[in-house]
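Q: Sequence:
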Amino acid sequence: MQQSIEIDEKIFQDAVRFYGTIFNIPPLASKIYAYLNFDFEKVGVTFDEFVEVFSASKSSVSTSISLLLNAQLIVDHNKMDERKRYFFINDEYRKIRFEKIVQKMQDELKLIDDLNKFKKGKEHDHDEKMEVYISLLNKSIKNIQESLNKL
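Under numbering that gives the first Met the number 0, the first residue of the sequence shown is numbered 0, with each subsequent residue one higher.
Possibly wrong hints are sitting among the right ones.
[Unchecked claim] Lysine-lysine pairs mimicking DSS-like chemistry, simulated, CA-CA at most 25 Å apart:
1) 103 x 83
2) 41 x 57
3) 99 x 83
[To be verified] What follows is a set of in silico ranges between Cβ atoms, one per label pair, in the way DEER data are often shown:
4) 13 x 80: 35 to 45 Å
5) 57 x 141: 26 to 36 Å
6) 118 x 69: 15 to 25 Å
7) 109 x 42: 36 to 46 Å
8) 109 x 39: 23 to 33 Å
9) 3 x 69: 33 to 43 Å
10) 80 x 134: 51 to 61 Å
11) 141 x 26: 18 to 28 Å
12) 106 x 150: 18 to 28 Å
13) 76 x 127: 20 to 30 Å
14) 79 x 140: 53 to 63 Å
15) 16 x 46: 43 to 53 Å
No lab work stands behind these hints, which were simulated from the structure alone. Every value quoted in this text rests on a predicted model; they were computed, and no experiment measured them. Glycine included, every Cβ here is placed at the ideal spot set by N, Cα and C.
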């Protein structure tokens, strides 16, 4: 692998596996995302560098970059007086990711509430475990939102 960014191969491979799983993205997209994590100086990486570093076809790199851009995992910028696009990790993604998690928990709470309203007319035992689960969701939402406000 010929690259301008210095990487640690073990950390890189661990990152590729982790991001591929957590974001459910294909291997090349995961490699690109993991690689960008090593761009500590925020100089950016060009399309051509990805093609060279990963010995991948231009169409494969293009597809992976599009996927990462659409998922808001990365952003791109053009530097002054240059046609090349430079790609970077989207620093806002951590916040976006947890906002999506909160939204999913809120959606689940609404669904649980709707189901509980529906079953009120029917005879059922009180579900103590469900109450604990609802409490856990509410506490988690509150904790995440408090942390997000600090980001």
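Q: For every hint, state whether the structure bears it out.
A: How the hints compare with the structure:
1. Taking the CA atoms of residue 103 and residue 83, the gap is near 37 Å; set against the 25 Å cutoff, the hint is violated.
2. Proposed proximity of residue 41 and residue 57 is supported: the alpha carbons are some 23 Å apart, at most 25 Å.
3. In summary, the hint linking residue 99 to residue 83 is not supported, as the alpha carbons are separated by about 32 Å, beyond the 25 Å threshold.
4. For the hinted restraint 35 to 45 Å between residue 13 and residue 80, the CB-CB distance of approximately 38 Å keeps it satisfied.
5. Between residue 57 and residue 141 the Cβ separation comes to about 47 Å, which falls outside the hinted range of 26 to 36 Å.
6. Take residue 118 and residue 69: their Cβ atoms lie about 39 Å apart, and the range 15 to 25 Å is violated.
7. Between residue 109 and residue 42 the C-beta distance comes to about 44 Å, which sits within the given range of 36 to 46 Å.
8. Residue 109 and residue 39 have their C-beta atoms about 41 Å apart, which leaves the hinted 23 to 33 Å range violated.
9. Between residue 3 and residue 69 the beta carbon distance is about 26 Å. The supplied range of 33 to 43 Å is therefore violated.
10. Distance hint check for residue 80 and residue 134: the Cβ-Cβ separation is about 57 Å, which falls inside the suggested range of 51 to 61 Å.
11. The hint said 18 to 28 Å for the Cβ distance between residue 141 and residue 26, and at roughly 37 Å that hint is violated.
12. The hinted range of 18 to 28 Å is satisfied by residue 106 and residue 150, whose Cβ atoms lie roughly 22 Å apart.
13. In this structure, residue 76 and residue 127 break the distance hint of 20 to 30 Å, their C-beta atoms being roughly 53 Å apart.
14. For the pair residue 79 and residue 140, the supplied restraint of 53 to 63 Å is violated, since their beta-carbon distance comes to about 43 Å.
15. Restraint check, residue 16 to residue 46: a C-beta distance of roughly 24 Å breaks the suggested window 43 to 53 Å.
The structure fails to meet hints 1, 3, 5, 6, 8, 9, 11, 13, 14 and 15 from the earlier list, while all remaining hints are met.
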